[in-house]
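Novice: As they're listed, the protein sequences go chains D and Y. Every letter in the first sequence is one number past the one before it in the numbering used here, and letter 89, counting from 1, is 385. Every letter in the second sequence is one number past the one before it in the numbering used here, and letter 320, counting from 1, is 445.
Note that these hints are calculated values from the structure, not bench results. Each statement offered as a hint is correct.
Straight-line C-alpha distance at most 16 Å; calculated EDC-like pairs for lysine to aspartate or glutamate:
(1) Y:333 x D:559
(2) Y:153 x Y:197
(3) D:415 x Y:390
(4) Y:294 x Y:350
(5) Y:315 x Y:286
(6) Y:374 x Y:350
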Amino acid sequence: MEILLQLIASGVAVGMIYAAIAFGYQLTFATSKTLNFGQGEALALGALFGLTLVPFLGYWLMIPLVLVFGFALGAVVERLGVRPAVKIKSEYGWIMATIALGIIFKNVAENVWGRDDLKFPSPLPETALQVGGVRILPMELLIVAGALLMMLAVEIFNRKSIWGKAVVATSNDIDAAGLMGINTQKVITLSYSISAMTAAFAGVLVAPVTLTGATMGSVLALKAFAVAIIGGLESGLGVIVGGLILGVAETLTGFYISTGYKDVPGLILLLVVLSIRPVGLFGKAVIKKV
Amino acid sequence: MVFAGRTAAAVLLFTLAAVPAHAADPIKIGLSGPYTGGSSSMGVSMRDGAKLAAAEINKAGGVLGRPIQLIERDDEAKNEVGAQVAQELINKEKVVASVGFINTGVALAAQRFYQEAEIPVFNNVATGTIITNQFKEPDYEANYVFRNSAYDVLQAGLMVDEALAQNHKKIAILADSTNYGQLGREDIEKYLATKNVKPVVVEKFNIKDVDMTAQLLKAQQAGADVILAYGIGPELAQITNGMAKLGWKVPMITSWPASMQSFIDIAGANGNGVIMPQTFIEDQTLPKRKAFLENYYKTYGVTKIPTPVAGAQAYDSIYLLAAAIKQAGGTDGPKIRAALENLNEKVEGVVTTYDKPFTAKDHNAISRNMVVFGKVQDGKIVYDKAEDAKNAGVVRLKEKSSN
Chain D
297 MEILLQLIAS GVAVGMIYAA IAFGYQLTFA TSKTLNFGQG EALALGALFG
347 LTLVPFLGYW LMIPLVLVFG FALGAVVERL GVRPAVKIKS EYGWIMATIA
397 LGIIFKNVAE NVWGRDDLKF PSPLPETALQ VGGVRILPME LLIVAGALLM
447 MLAVEIFNRK SIWGKAVVAT SNDIDAAGLM GINTQKVITL SYSISAMTAA
497 FAGVLVAPVT LTGATMGSVL ALKAFAVAII GGLESGLGVI VGGLILGVAE
547 TLTGFYISTG YKDVPGLILL LVVLSIRPVG LFGKAVIKKV
Chain Y
126 MVFAGRTAAA VLLFTLAAVP AHAADPIKIG LSGPYTGGSS SMGVSMRDGA
176 KLAAAEINKA GGVLGRPIQL IERDDEAKNE VGAQVAQELI NKEKVVASVG
226 FINTGVALAA QRFYQEAEIP VFNNVATGTI ITNQFKEPDY EANYVFRNSA
276 YDVLQAGLMV DEALAQNHKK IAILADSTNY GQLGREDIEK YLATKNVKPV
326 VVEKFNIKDV DMTAQLLKAQ QAGADVILAY GIGPELAQIT NGMAKLGWKV
376 PMITSWPASM QSFIDIAGAN GNGVIMPQTF IEDQTLPKRK AFLENYYKTY
426 GVTKIPTPVA GAQAYDSIYL LAAAIKQAGG TDGPKIRAAL ENLNEKVEGV
476 VTTYDKPFTA KDHNAISRNM VVFGKVQDGK IVYDKAEDAK NAGVVRLKEK
526 SSN
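Just chain D, with the same shape it has in the complex (with noise of 0.2 Å):
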């Protein structure tokens, strides 16, 4: 019973950092139907980042700085990878765009910090919390925290705000958004910066639990591609739940069947929730009428 509560405990810790990573694709889709496929790149940009300045700055005050670097990064990729797709409406020209300004990235910051795997201080002590029975690092429980409190923040914002009203006004419905008076562009270059955003945070987040360099988001992103999906691109409360089934398939089938079968679990669920409900878990079933 301990080893299939440690078991669970380790594989929420996992999940979450899946989820906070795919919480930045959801953003993106509901306004303008795009993902940012950079976003693993947008995560190790945020970390070190974070990494660089956390020696003048410490831990928690760099956090700031990154989410402002992170909110211009994600303006960037718009600027120059969505938005002249999106205005030639051409279906595939930002999954290209995105990938290749991910590739930009990625060998800007193998140039600037390395490509060596780099330690992040931990902010809190490294040594584990004994729970009943259950062993868990400090840092996870932080992770698990942060990406909460990073999700409620971003619901927050779209339901107070009057920008955040036009961010789900524009997921609801572009078109009449826009008729509306809503300055539909604005509104997805937001919602690309606040995605970044959270993919820096996430960064800076996971990253004394994981290493930081330059490829650290490569293996990260393509988990939370999978996240997203099962759960639903359009839903966040789905990808916390897809985050939290993957990685406890994950630790589960690691233990139970075999480490050397640990992914395929999460493989097979995506290939199930395609099949049986394409628009994911918790995704919104839309008829597109054309």
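Model the placement of chain Y on the given structure of chain D, informed by the hints.
Specialist: Only chain Y this time, still in chain D's reference frame:
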């Protein structure tokens, strides 16, 4: 300082290369390794060790009156890039030999071009057992692949014997899912079978895995009292960190890359006590080692070689090759190979003194008795055994017909 040192070395190399140029062209030797990417701490140490040896040889007048010119190429630890680099070095740069290779996969993909061109290729870091057997007799007339690193069968045997000597009965094997990790795991399992020991668990992990809980819990549940781990720095560090998280501590014996700087940085205090087979420990007992280390620190402006084993083996590989070219009396590939297989001169390196290191059948210069156990201790690699530390000044010669 680093820059100044490098520039000085470059200027030195350049002027030395330039002076006798009217008399003789430089001897071009290829230098292929990952200078970027996850294996770069090994690659850069390898490159810098080799450059140091070449600069020393050139300062002393070169080989056959000709200076050595190293042609550096980054293979990025990618098999396909390694193959491209090999073809470029052979066909465009016309190298007379190449040294390098950190990654077993890259070595296997690239060295066939040297074999076909009848140009000797010298592995100074990659450890896959198959590397020197890829073009073995009787399928091939002559084998152009040489090596002076401790290959996997040696390391696996040492790791298992050490675990058994420490009286551990329940052995857990953790290996990464790359060629390197899985070939090493096979070697460990084979050797365990000869000792009639069955590991209690055999588990895999992927490069960049974040969480090792499942693997470690399985080992813990099986009652493992020692972990044998085959992988490279960052993931080996995640294992030690995972153990600390679970509050479970058993001795850990790893393959040699736990001496990488990334392991030391990422594992921190959790890495203390981890032991791994090493051909070279940074100690200054022998005059040759002292001179090498001082020169390395000074030239590159560091206080520690990022991966000492890679730097030392690369340094030796250039001296071995230089001796062979001298004996061959020219740069003809088959002649250099023949000279390597029957080297008359004793070559004093920093790992050992090489006395007939190769024969036609044996292309591995390192034998089991040359390998010692290193231990991670407060950010440095030190001798694990007191007797090894005491005998640090004794040069371990190759056991005849041991490979």
